[in-house]
Amino acid sequence: MEKRKYKNYAVTGFIFVSILGTLAHFFYEWSGSNQVIGLFSPVNESIWEHIKLLWFPTLLFSLLCHFKMRDGYPQLFSAITLGNIIGCILIPVIYYTYTFFTGRDIAAVDIASFYVSNAVSFAVAYRICRTRWGKKLFIPAILFAIAISFLFLQFTFYPPDIALFAQL
486 MEKRKYKNYA
496 VTGFIFVSIL
506 GTLAHFFYEW
516 SGSNQVIGLF
526 SPVNESIWEH
536 IKLLWFPTLL
546 FSLLCHFKMR
556 DGYPQLFSAI
566 TLGNIIGCIL
576 IPVIYYTYTF
586 FTGRDIAAVD
596 IASFYVSNAV
606 SFAVAYRICR
616 TRWGKKLFIP
626 AILFAIAISF
636 LFLQFTFYPP
646 DIALFAQL
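Numbering (this note's numbering), first residue to last: 486 to 653.
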């Protein structure tokens, strides 16, 4: 029964993040360039800003799961957060790998990379949930989530001068 519950959370999370992440691509523009909205959604076309499409919706989903299920499934938050980190790393890996070979960026591949990274994120979370050691990683997961969220907030309006932050 537990295996099925974890699979349901993974599938639900993938769908939730796919929808919210896709919509989030437009939130900043729709808000009239509201800076508060820009903290949580892309403000430009850089790779860094597009990682927000995965990071914040997945973080929201992990928090919702944690507050709803923390007693029965205490490892859910850390598993989803660790999966989220892997998924967020995968976005620039896919981008820089395919552009190395093609010499240009391709919108369809960029869009697909979001969904692939999202799927990998929840596949990793599913595997971690089933191991039970995700429960032991709760505090490190919280610390990582806070640190990474802070970096997103900080670098939204004060990005370093490196390729990851350059507008495409």
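Since the hints were derived computationally from the structure, they do not count as laboratory data. All values reported here derive from a predicted model rather than from experimental measurement. Hints should not be assumed to be uniformly reliable.
[Stated by the list, open to error] Per label pair, the in silico range of CB-to-CB distance: (1) P645 with G557: 19 to 25 Å; (2) L653 with I571: 40 to 46 Å; (3) A651 with I596: 26 to 32 Å; (4) M554 with L649: 31 to 37 Å; (5) R589 with F650: 16 to 22 Å; (6) F629 with L649: 16 to 22 Å; (7) G588 with L545: 33 to 39 Å; (8) I596 with L649: 35 to 41 Å; (9) T587 with G517: 32 to 38 Å; (10) P645 with E514: 36 to 42 Å; (11) V496 with A632: 24 to 30 Å.
[What the hints assert, rightly or not] DSS-like mimics (lysine-lysine), calculated; alpha carbons at most 25 Å apart, straight line: (12) K553 with K492; (13) K492 with K621; (14) K490 with K553; (15) K621 with K553; (16) K621 with K490.
Where a beta carbon is used, it is the ideal one built from N, C-alpha and C, also for glycine.
These are the hints, each one checked on the structure:
| no. | hint | result |
| --- | --- | --- |
| 1 | P645 with G557: 19 to 25 Å | violated, 42 Å |
| 2 | L653 with I571: 40 to 46 Å | violated, 23 Å |
| 3 | A651 with I596: 26 to 32 Å | violated, 19 Å |
| 4 | M554 with L649: 31 to 37 Å | holds, 34 Å |
| 5 | R589 with F650: 16 to 22 Å | holds, 19 Å |
| 6 | F629 with L649: 16 to 22 Å | holds, 18 Å |
| 7 | G588 with L545: 33 to 39 Å | holds, 36 Å |
| 8 | I596 with L649: 35 to 41 Å | violated, 19 Å |
| 9 | T587 with G517: 32 to 38 Å | holds, 35 Å |
| 10 | P645 with E514: 36 to 42 Å | violated, 24 Å |
| 11 | V496 with A632: 24 to 30 Å | holds, 28 Å |
| 12 | K553 with K492 | holds, 17 Å |
| 13 | K492 with K621 | holds, 21 Å |
| 14 | K490 with K553 | holds, 14 Å |
| 15 | K621 with K553 | holds, 19 Å |
| 16 | K621 with K490 | holds, 20 Å |
Comparing the model with each numbered hint stated earlier shows that hints 1, 2, 3, 8, 10 do not hold.
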